[in-house]
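**Student:** Sequence:
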Amino acid sequence: MANLLDSFRLDNKVALVTGAATGLGAAIAHGLADAGASVAVHGNRRAATETAAAIGPKAVAFRADLSSPTGAEDLFTQVKEKFDRVDILINNAGTIIRHNADEYPLEDWMTVLQVNLTSVFQLSQLAGRDMIARKAPGKIVNIASLLSFQGGIRVPAYAASKGGVAQLTKALANEWAPKNIQVNAIAPGYIATTNTEALQADETRNRQILERIPAGRWGEPNDIAGAALFLSSPASDYVTGTVLTVDGGWMGR
Numbered sequence: 001m002a003n004l005l006d007s008f009r010l011d012n013k014v015a016l017v018t019g020a021a022t023g024l025g026a027a028i029a030h031g032l033a034d035a036g037a038s039v040a041v042h043g044n045r046r047a048a049t050e051t052a053a054a055i056g057p058k059a060v061a062f063r064a065d066l067s068s069p070t071g072a073e074d075l076f077t078q079v080k081e082k083f084d085r086v087d088i089l090i091n092n093a094g095t096i097i098r099h100n101a102d103e104y105p106l107e108d109w110m111t112v113l114q115v116n117l118t119s120v121f122q123l124s125q126l127a128g129r130d131m132i133a134r135k136a137p138g139k140i141v142n143i144a145s146l147l148s149f150q151g152g153i154r155v156p157a158y159a160a161s162k163g164g165v166a167q168l169t170k171a172l173a174n175e176w177a178p179k180n181i182q183v184n185a186i187a188p189g190y191i192a193t194t195n196t197e198a199l200q201a202d203e204t205r206n207r208q209i210l211e212r213i214p215a216g217r218w219g220e221p222n223d224i225a226g227a228a229l230f231l232s233s234p235a236s237d238y239v240t241g242t243v244l245t246v247d248g249g250w251m252g253r
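Using our numbering, the letters of the sequence shown map in sequence onto residues 1 to 253.
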């Protein structure tokens, strides 16, 4: 009987992780590399070279602007030229722009939707098309949000994009399950990263957040990396079309 732990191994797999310069993307890239994968780490405004260097020779940094309609294809082409294929796609890159809804500029709306939703579809389509052509199994993991379920305040574009990511995940899973391609999403809760430093430092908001989280703590990037490893590995071959909340119990409160 095979060792169950072996089903979490990613030896001889190639993974592409977007938005991997810091934070969740960097943690996920490290986790997949620890499991044996070769990792293409993507950065945009900030290059992912530090992440690649920290992982070692199994990682290569790439740069592409996913706010551009051509950025996804540019990135996928670069990775294919280097690694020849993508077996695992982690759509982690994202952006958020805050305005009151009645004053929200259309330009900012389009930027958020392009990065958070349209580029996710574009990369998924490119990866899925390639997996199907190779008749190879594949894994696509999208990073959704608690705002895939809730509306938030002053973030209409972000909420719309992350709601779209959840539904896109299910739509692609339905079509590609017969091809042995599993498509899932992770909805992180409040995670302690540089992006949330201001919230953590705000005594009132930090207290309010912790009071709502049954686990009583902020999440760590590795909490997301563990879920991403599961959804990227053969251990999750019968899991598809799900949005997994990793939130310390926030959504169940």
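Derived from the structure by calculation, the hints contain no laboratory data. It is possible that part of the hints are untrue.
Here are the computed lysine-lysine pairs in the DSS-like style, where the Cα-Cα straight-line distance is at most 25 Å [what the hints assert, rightly or not]:
| # | residue 1 | residue 2 |
| --- | --- | --- |
| 1 | K135 | K179 |
| 2 | K135 | K170 |
| 3 | K80 | K135 |
| 4 | K80 | K179 |
| 5 | K82 | K58 |
| 6 | K58 | K80 |
| 7 | K135 | K82 |
**Student:** Now tell me, hint by hint, if it's right for this structure.
**Tutor:** Cross-check of the supplied hints:
Straight-line distance between C-alpha atoms of K135 and K179 comes to about 7 Å, which keeps the hinted pair within the 25 Å bound. Only pairs whose Cα atoms come within 25 Å are accepted, and K135 paired with K170 is accepted, the gap being roughly 21 Å. For the suggested pair K80 and K135, the alpha carbons sit about 16 Å apart, so the restraint of at most 25 Å is met. The hinted pair formed by K80 and K179 meets the criterion: a straight-line CA distance of about 21 Å does not exceed 25 Å.
Of the supplied pair hints, the one linking K82 and K58 holds, its CA atoms being roughly 12 Å apart against a limit of 25 Å. Restraint check: the Cα-Cα separation between K58 and K80 comes to about 15 Å, which is no more than 25 Å; the hinted pair holds. Of the supplied pair hints, the one linking K135 and K82 holds, its CA atoms being roughly 20 Å apart against a limit of 25 Å.
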